[in-house]
Amino acid sequence: MSEDENILFNHSLGKGLAVLKAFNARRRTMNLSEVAQAAGINKSSAQRMIHTLEALGYVRKNAVTKRFQLTAEIMEIGYNYLASNTLVDVANPFLAELAQVTGETTNLTEPVGQDMIYVARFVGPKFIPIHLPLGSRIPMYCTASGRAYLSALDQAQMLERLEGCELVQHTHQTLTTLEQIFERIEQARRNGFATNCEELFLGDMALAAPVRNSDGIPVAAVHVVAPTSRWTVEDAERRLAPAVLECARAITTSIRALQL
Numbered sequence: 001m002s003e004d005e006n007i008l009f010n011h012s013l014g015k016g017l018a019v020l021k022a023f024n025a026r027r028r029t030m031n032l033s034e035v036a037q038a039a040g041i042n043k044s045s046a047q048r049m050i051h052t053l054e055a056l057g058y059v060r061k062n063a064v065t066k067r068f069q070l071t072a073e074i075m076e077i078g079y080n081y082l083a084s085n086t087l088v089d090v091a092n093p094f095l096a097e098l099a100q101v102t103g104e105t106t107n108l109t110e111p112v113g114q115d116m117i118y119v120a121r122f123v124g125p126k127f128i129p130i131h132l133p134l135g136s137r138i139p140m141y142c143t144a145s146g147r148a149y150l151s152a153l154d155q156a157q158m159l160e161r162l163e164g165c166e167l168v169q170h171t172h173q174t175l176t177t178l179e180q181i182f183e184r185i186e187q188a189r190r191n192g193f194a195t196n197c198e199e200l201f202l203g204d205m206a207l208a209a210p211v212r213n214s215d216g217i218p219v220a221a222v223h224v225v226a227p228t229s230r231w232t233v234e235d236a237e238r239r240l241a242p243a244v245l246e247c248a249r250a251i252t253t254s255i256r257a258l259q260l
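Its first residue numbered 1, the sequence shown is counted upward by one per residue in the working numbering.
Just so you know, not all the hints are guaranteed correct.
To be verified - Taking lysine-lysine pairs in the DSS-like style, the calculated list, with each CA pair at most 27 Å apart, reads:
#1 15 <-> 43
#2 61 <-> 43
#3 15 <-> 66
#4 43 <-> 66
#5 43 <-> 21
#6 61 <-> 15
#7 21 <-> 66
#8 61 <-> 21
Derived by calculation from the structure, the hints in this document are not laboratory data.
Whenever a hint applies, use it, and build me the whole structure from the sequences.
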């Protein structure tokens, strides 16, 4: 059912959320016309949405430039999700143990559309070349966590997720044909874990395994960062993959015990 056919859909709320989501790393500040264009609404609606969000404290207007930007108040919404997410609570001690065992940074990501979003992290003691804050999104098709999640879906669901992906060549290592990506996903199904070596960022490698709920449905992925400055693919698979698999299994077992 489309938004227009759903009589319960609140279009004003939808427009307000579209305005909030329009601000990002590329659009840190915007004037009213830019807000309207980025949110896909007309200027009159944008003015009402911005005025309301400013009154609620989520947006502020620079007195000099007259441009709008988000305020720190918006972080409360994201924090409330993390604070109420039982999966994150369950996963945290296992992620901490994985970071201690491997000496590397560990993460938990959840699926959102064709992306995986970071919801938990334990930072290892060694420098990592890439920093992605909690809330960052990474594409499924070219990341270890995305492939791990896709490998736990049935074939139809996996294809449905991939159909919506824009296969961008992020680095010279990025696999951008469905045949290549399917091969990596099948490999992940056989091994129980997935890998990514410099397909999203140069110098960045990761190994990941899926986390399932009490019904056996994948709901997240655990991954450990293995920078190419310290690891080869062979060494990472041999020394890190068993720990990643054990972490994912432990989280899955705990989730099933809680019937999440």
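Cross-check of the supplied hints:
1. Only pairs whose Cα atoms come within 27 Å are accepted, and residue 15 paired with residue 43 is accepted, the gap being roughly 12 Å.
2. Distance hint between residue 61 and residue 43 is fulfilled; the C-alpha atoms sit about 16 Å from each other, no more than 27 Å.
3. For the hint pairing residue 15 with residue 66, the CA-to-CA distance comes to about 21 Å; that is within 27 Å, so the pair holds.
4. Between the alpha carbons of residue 43 and residue 66 the distance comes to roughly 16 Å, so the proposed pair stays at or under 27 Å and holds.
5. For the suggested pair residue 43 and residue 21, the alpha carbons sit about 16 Å apart, so the restraint of at most 27 Å is met.
6. This hinted pair checks out: residue 61 and residue 15 have alpha carbons roughly 19 Å apart, not beyond 27 Å.
7. Taking the CA atoms of residue 21 and residue 66, the gap is about 20 Å. The hint holds against a cut of 27 Å.
8. For the given pair, residue 61 sits about 17 Å from residue 21 by alpha-carbon distance, which is consistent with the 27 Å threshold.
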